[in-house]
Amino acid sequence: MTAWPEIFDLAVVGGGNAALCAAITAAEAGASVLILESAPLPYRGGNSRHTRNFRCMHQGPIFPLTDSYEEEEYLHDLMLVTKGKTDEGLARLAIRSSEECLPWMQAHGVRFQPSLSGTLSLSRTNAFFLGGGKALVNAYYNTVADLGVIVAYEAEVTHVHREGDRITQLEAQIAGRPVTVKARAFVLASGGFQGDVDWLARAWGPAARNFLIRGTPYNRGVVLRDMLDQGAESVGDPTQCHAVAIDGRAPKFDGGIVTRLDCVPFSIVVNKEGDRFYDEGEDVWPKRYAIWGRLVAAQPDQVGFALIDAKSIDLFMPSVFPPVKADTIEGLAVAMGLDPQAVRRTVDSFNAACRPGPFHPTELDGLRTEGLNLPKTNWARPLDTPPFYGYQLRPGVTFTYLGLKVDERAQVHSAEGPIRNLWAAGEIMAGSILGEGYLAGFGMTIGTVFGRIAGKEAAAYVA
Amino acid sequence: MSLDQTPLTGTATDEARRQIEICNACRYCEGFCAVFPAMTRQKAFAAGDLTQLANLCHNCRGCYYACQYTAPHEFALNIPAALAEVRVESWERLARPQAMARMFQTHGVAMAGLLVVVLAWFFWAMSVWRPEGGSGFYAYLAHGTMVAIFTPAFLVPLALIALSLRDYWREVGGGRVRLSHLQSALHSAAKMKNLSGGHGEGCNFEEGDRFSDRRRVFHQVMMYGFLLCFASTASGTIMHYALGWEAPYPLLSPPKLLGLPGGVMMVAGTAGLVWLKLRADRNLGAARVWGGEMAFILLLGGVAVTGLALYAATGSALVGPLLAIHLATVMVLFLLMPFSKMVHGFFRLAALVAEAGMQRPSGKS
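So the sequences go chain by chain: A and B.
Residue numbers for the first sequence follow full-length UniProt numbering, so the first one is 1 and each next one is one higher.
Residue numbers for the second sequence follow full-length UniProt numbering, so the first one is 1 and each next one is one higher.
It should be emphasised that the hints constitute simulated quantities derived from the structure, not laboratory data.
In this text, a Cβ means the ideal position worked out from N, Cα and C, and glycines have one as well.
Worth double-checking, as some hints may not be accurate.
[To be verified] Derived coverage of chain A by chain B (criterion: at least 3 residues anywhere in the stretch with Cβ under 8 Å from a Cβ of chain B; other residues may be distant):
no., segment
1, 46–53
2, 251–258
3, 309–323
Whenever a hint applies, use it, and build me the whole structure from the sequences.
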């Protein structure tokens with residue numbers, strides 16, 4: 001390890017977007033900064049690696065965003081997904097600050113592109129990173145290197161040492177060796193706890209052991225747990241996490257974006273007994289995308305099976321793994337490990353309930369079944385055209401909600417008041433604003449806004 | 001794209017297909033270069049589709065450094081290397097005779113060996129066929145002899161490349177070529193648009209994940225230098241046959257005015273490309289042809305250096321040996337056109353033309 005100062009101005013725990021924004025801001029203000037990233041270099045960046053865009057308020061067209069997207073509409077969108085579970089003051093702060101973040105990001109090496117094929121129509125609300133989140137992370141790591149920030153990889157912080165209203169030092173394992181890190185100020189930006197399956201199982205029950213984790217395996221919530229144990233104020237529901245239905249063959253960890261499946265509206269979805277369990281045509285994908293994680297999680301063995309026929313195979317984005325394919329419904333059922341008779345019965349009763357009518361894959365077309373106890377209310381077309389295709393679905397965890405409560409200066413509080421030299425940014429405090437649901441690109445907004453605030457406040461504190 | 005679904009055997013194509021299918025489900029890299037929008041036109045990739053994508057790829061490596069799925073991730077994506085392998089494999093497969101392609105694509109030593117043989121042959125030719133009269137270069141080798149030697153050495157490789165390109169066009173399912181497709185391709189090639197990184201800051205070739213425009217600059221300096229030298233030779237030919245004005249030409253004449261800066265640019269460009277190639281990560285390209293590619297760049301540089309040296313030595317005793325060396329490097333460059341990295345220019349242009357023809361009408365997704 002290169003010569004470290006005995007004491008840093010700022011130690012940043014975490015190595016994703018929020019951590020990097022904090023480090024850049026503090027270093028530019030003249031602070032000496034250390035980043036402690038728990039992942040090895042190839043996996044640096046936490047869940048930011050898997051992100052793709054940034055939701056941004058703007059009062060007129062600014063590259064790459066079209067039209068305008070103003071504070072009230074943005075807040076309204078947030079209120080819809082969170083069902084009001086947000087701190088409106090912090091939410092408005094994040095939304096208002098997002099506008100000035102865009103040029104700041106560009107000035108620090110982040111490049112954007114117009115949203116192109118296959119994406120949702122987000123060109124008005126969301127700015128897409130050219131190359132995605134890892135390209136953003138690379139740009140920021142180059143920026144911090146140029147600013148003289150020291151980055152320690154494979155640096156797992158095990159304990160944040162609190163003395164009264166101050167943090168004095170961190171205990172960490174760096175590349176397996178115990179190290180004590182001293183600093184005048186600290187920013188915690190080490191993510192949620194979804195990488196700790198035991199913790200998920202305690203929160204969700206044993207079913208969580210069958211969940212797949214879409215993001216980094218390095219978000220194990222060690223620092224979050226440590227701070228909560230030391231009386232830091234918390235927000236968010238400890239028993240909740242955000243899960244979507246993804247390809248059941250995805251890796252246990254780190255599958256990222258490609259594991260998504262967009263086929264559900266054009267499918268019938270059955271459980272391992274071969275029975276349907278929810279209206280697949282309830283609303284447009286991705287509006288209903290998020291609920292399917294929970295729906296599948298409630299089924300036996302936390303697994304579902306989306307079945308489609310040749311009419312629908314080209315109506316959605318390509319999947320990362322090819323679908324299971326068979327010439328008959330029974331053959332498909334067997335290939336997917338299902339009881340062919342049960343699936344045949346389900347398909348027959350579904351097909352019999354389908355009615356002719358205009359089919360519009362991109363809008364709610366009202367093409368619904370008649371006479372089923374569990375209807376499909378849109379895009380209901382019989383499965384009758386071979387070959388037949390199937391995808392296994394499993395819940396994929398995107399993030400957890402439990403986090404540290406912060407104020408508008410990103411400062412962490414305990415029951416006795418603010419911890420004077422401790423700030424938090426990113427997923428570890430996102431529950432302060434995002435109490436439920438999810439809004440595409442908002443995680444990066446929270447990380448960027450609060451990372452910059454934390455870095456600025458920490459630099460001012462040590463100046 | 002291609003209607004021909006016959007699988008081409010070969011692990012390079014299979015591996016590229018595996019990787020491209022993952023890429024196509026992600027699409028974060030859409031804005032980098034022409035490969036990614038081209039990829040989104042289909043879900044299943046015939047071998048010809050992969051050949052086309054591979055020849056569109058300029059090995060800028062932007063997608064590698066931006067990729068969340070590179071090793072150690074279990075998806076282990078390395079698109080620049082996978083496409084480089086398919087690309088080289090396609091040049092070898094479509095070249096004739098194939099054995100020569102296989103030898104020269106991969107072996108710098110074979111190139112050097114050929115150079116020595118041709119060089120020796122020129123020295124021998126000069127000693128045996130040295131003309132009685134003739135001035136300038138033609139005092140060493142008569143003009144008629146040079147033409148007799150170089151015409152087939154130039155035309156036969158071009159004919160072989162034309163046959164390869166015809167096969168390429170069939171394999172990738174290229175359609176009717178329109179003027180607008182050619183214009184689009186030439187525009188891309190002239191600016192090397194696909195090495196711009198999508199944001200104009202260049203590629204990730206030699207400095208890890210940092211962007212740099214050096215490769216684009218050096219490549220264009222080299223390429224335009226080569227074209228100037230080619231124009232110099234062409235102008236000399238016209239002057240010789242149409243105007244009856246024989247070499248050597250004075251400084252203020254088209255062959256020199258084009259050739260001198262062209263030669264200097266080729267030297268600078270090839271030197272820069274060698275330097276970049278030494279710095280870049282070999283595992284993000286077709287590692288097995290690294291030696292052949294390096295030898296090819298050195299050969300190009302050698303053509304320019306010996307040409308300039310020959311001019312500098314005008315009137316001295318060095319003209320004879322330098323002329324032999326220069327003619328030998330030029331000859332080897334021509335002879336190797338279908339079997340060396342030189343062929344990439346032809347295939348790349350073909351891929352750009354095909355791509356221009358395949359682009360979907362705007363507004364349709």
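Tell me whether the statement that chain B covers the segment 309–323 of chain A is true, taking a Cβ distance below 8 Å and needing three residues at minimum.
holds (count 6)
Examine the segment 46–53 of chain A for residues whose CB is less than 8 Å from any CB of chain B, and state whether their number is three or more.
Holds, because 3 residues of the segment 46–53 of chain A bring their Cβ atoms closer than 8 Å to Cβ atoms of chain B.
8 Å C-beta criterion, at least three residues: is the segment 251–258 of chain A covered by chain B:
Holds, because 5 residues of the segment 251–258 of chain A bring their Cβ atoms closer than 8 Å to Cβ atoms of chain B.
The earlier numbered hints are all upheld by this structure, with none contradicted.
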